[in-house]
Amino acid sequence: MRRIMIGFIALLFLNKGFTQSPLDSLKNLLNHTASDSGRITLMLGLSSEYAALNFDSAYYYANKALLISQKTGNRKGIIRSLGAIAARIRITNIVKSVQLELRALKLAEEEKDNTIIAPIKEYLSSIYRIDLADTITAEKFAREAVLLFTQLKDTVSLIRSYTMVAGALTSSFGNLDSADFYLNKAEEFSKKNNNYFLGLIYLYKASVSEKKQNKAKAIQQLHFVLQMSLRYTWHTAAYNRLAQLYQEKERIDSVIYFSRQALLLSLQSKEYKSVIRSCETISNSYKSLYKDSALYYANLASTFKDTLAAINQRTAFTTFLELDENQRNYELSQLKAKNKEQTRLIIIGSAVLMMAIILFFFIKNNRKHKRMNLVLQEQKLEISNSLKILQSTQAQLIQSEKMASLGELTAGIAHEIQNPLNFVINFSEVSQELIDEMKVELNKGNYTDAEQIAADVKDNLNKIHHHGKRADAIVKGMLQHSRTSSGKKEPTDINALCDEYLRLAYHGLRAKDKSFNAKFETKLDPQVGVLDIVPQDIGRVLLNLINNAFYATDERKKKGEANYEPIVTIETKKLKDMVSISVKDNGMGIPEVIKEKIFQPFFTTKPTGQGTGLGLSLSYDIVKVHGGELKVETKEGEGTKFVVSLKIVNE
Amino acid sequence: MKILVVDDEIDVQALFEQRFRKEIRSGEFQFAFAFSGEQALDYMQHNHHEAVLILSDINMPGMSGLELLREIKEKYETPPPVVMMLTAYGDQENHDQAMRLGADDFLTKPVDFNLLKDKLKTKTS
Chain R
1 MRRIMIGFIA LLFLNKGFTQ SPLDSLKNLL NHTASDSGRI TLMLGLSSEY
51 AALNFDSAYY YANKALLISQ KTGNRKGIIR SLGAIAARIR ITNIVKSVQL
101 ELRALKLAEE EKDNTIIAPI KEYLSSIYRI DLADTITAEK FAREAVLLFT
151 QLKDTVSLIR SYTMVAGALT SSFGNLDSAD FYLNKAEEFS KKNNNYFLGL
201 IYLYKASVSE KKQNKAKAIQ QLHFVLQMSL RYTWHTAAYN RLAQLYQEKE
251 RIDSVIYFSR QALLLSLQSK EYKSVIRSCE TISNSYKSLY KDSALYYANL
301 ASTFKDTLAA INQRTAFTTF LELDENQRNY ELSQLKAKNK EQTRLIIIGS
351 AVLMMAIILF FFIKNNRKHK RMNLVLQEQK LEISNSLKIL QSTQAQLIQS
401 EKMASLGELT AGIAHEIQNP LNFVINFSEV SQELIDEMKV ELNKGNYTDA
451 EQIAADVKDN LNKIHHHGKR ADAIVKGMLQ HSRTSSGKKE PTDINALCDE
501 YLRLAYHGLR AKDKSFNAKF ETKLDPQVGV LDIVPQDIGR VLLNLINNAF
551 YATDERKKKG EANYEPIVTI ETKKLKDMVS ISVKDNGMGI PEVIKEKIFQ
601 PFFTTKPTGQ GTGLGLSLSY DIVKVHGGEL KVETKEGEGT KFVVSLKIVN
651 E
Chain C
1 MKILVVDDEI DVQALFEQRF RKEIRSGEFQ FAFAFSGEQA LDYMQHNHHE
51 AVLILSDINM PGMSGLELLR EIKEKYETPP PVVMMLTAYG DQENHDQAMR
101 LGADDFLTKP VDFNLLKDKL KTKTS
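Protein chains in written order, with the working numbering: chain R, 1 to 651; chain C, 1 to 125.
Calculated directly from the structure, the hints in this document are not laboratory data. Keep in mind that the hints are not guaranteed to be accurate.
As a list, the in silico EDC-like pairs of lysine to aspartate or glutamate whose alpha-carbon atoms are at most 20 Å apart [stated by the list, open to error]:
(1) R:519 - C:91
(2) R:519 - C:42
(3) C:22 - R:449
(4) R:514 - C:67
(5) C:22 - R:451
(6) C:22 - R:433
(7) R:512 - C:96
(8) C:22 - R:459
(9) C:22 - R:441
(10) R:514 - C:42
(11) R:512 - C:28
(12) C:22 - R:436
(13) R:558 - R:513
My request is simple: use the sequences and hints to build the entire structure.
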């Protein structure tokens, strides 16, 4: 009874699962389960849950389930474990995967147990279609699976095998309407049951729509997959397809966004082909925007191509070993057959043979174990490498965002330097004239006039000094902005920083877009004073917030509302132990749906090429690093206010 | 003859007053100053018979010099005051737009005051 209960609970998790953390629940159950068959079921469940998250763990549990099954002579356990291992190594070693699966099928057919045969056929259908590109065999296996599942009245699996038939029909450019028919049937069944496979069904539906040249519908269906499905592998597939479809529509921001999502998922699940494809797509998309990033992703792609080549080499090697093993297996079974025909000696002989077989399995297991340990170690190394690569990608992206915002700044800087220089030139010229005049007055003996002129000259020299300093500050600010952040905090006048970046942002935008204009005002609290911050980093945050604010007002202005006066206000306030800097606009405000996403990297509402979608997420990180907070208050139709709060640290 | 100078940089006033000190002393030119487009319009409303020539910057927060130019040319038809634009952005687009809106001249910073003096004299004579 207990066994059945455990099996039932495990099945519940496998099929419905995902209520909370299936991994933890399964592990918990595993710790409290003593019976071998229960443990096998749970381990296979864990292996399947880990499949898309962590290759090593997935492989580990499948292999452990196989060992226990072999140890306890659980034939069904062996078959299911073989299937699980075949599924895990499908990406890294397809040849071995097919061999294992076919062996599992043979064993299952010997057992004459349809509950085991059906899922294996279903799985083989998928392998033949996707990896071996043999859609005819794939369709055959899928249809056989449909038949078996119908007999078994296993609705959930039936749904899946319907999608398999549809998948085979779609890939072979076969009958798309027939594929549609199977998918609709699957959807109907799925809705009657638990909807769990809706994601997969829609993934196929999207592919049919694409084949039918209905791209809009395909995109809609893929978004539905992301919404509905809880399976990461389906997400990866959906992200990849969306990236391709948006590429055809030339929506580069979306292409980059979806490719990056696919990249992150496929890095986790070690789907190197998908990693390479995503990297290449991102690289191509960045080509016109940021050459550095494009190059970076191209390099990343070629790194993973090398990894993949190395894996393929290893596959060839292990396949050779496996064939060798098969040969020996075959010879052993021949021996066994002969033994059966013989008489008394058989008993002794078979005892010896049994010993040999036990020894053989023992050695084999031992060797396999060692090899698996090696593989596990290698894989761990690869994952940590992937992580390192990912981290350096992020650093690279942050730097390219910096350079992009520097580009935005240069026009503003040019204008800001031009003005003080004009004054330096003009006031020094006019002072020379004044000195000449003073000489004339002195010669005439008009000392009062001469003194007056001298006072004017002194005033002018003061002005020259002031404007010289102004230009100097701007150049220093620019250098600080481009410098890779050394992360050095220094006492900084917050009000001056706000004023400086407000002007830079304004003139930068003006220089880029002649039609742009907006009022801006500052409400700076003189109590704010000096804070210990990294000025170029907080400056970048301010620049970003101010740019966004101006952008928001400009968008609203373009709508041609009567009596609309765009205005951006920057306000500083000293609170008890905090300083707040708020950047407020009277633009359109941010819709509630989007509000949650604005701090996510790569999220942007700006048209293609105008925003990297990194500004706010970067700002958020910078403020966090300063131990502060970045918050948004917004009302649709009224405007948005971003508030940066920084702690005052007493020395 | 009165000239209204519009620029958001406050030191422009001191600069003009010194550069044109002889002309101011002799009464040849009189200067008034506004530090934004809005201020300039306000001044025009109250003293619009006085200013014969307007010298305006383009790049100002709030109302830009080009918007000011349009307002002036629309509101004050008879006789339209002379408006000269003075800007750090000497690019073609700015120039063409100013000319389309009816600017009488287009000068770039840094200002060549000798040239400006000649132009002011010919425009106002």
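Could you tell me which of the numbered hints above are not met by this structure, giving the numbers in increasing order?
Checked against the structure, the hints that fail are numbers 1, 10, 11, while the rest are satisfied.
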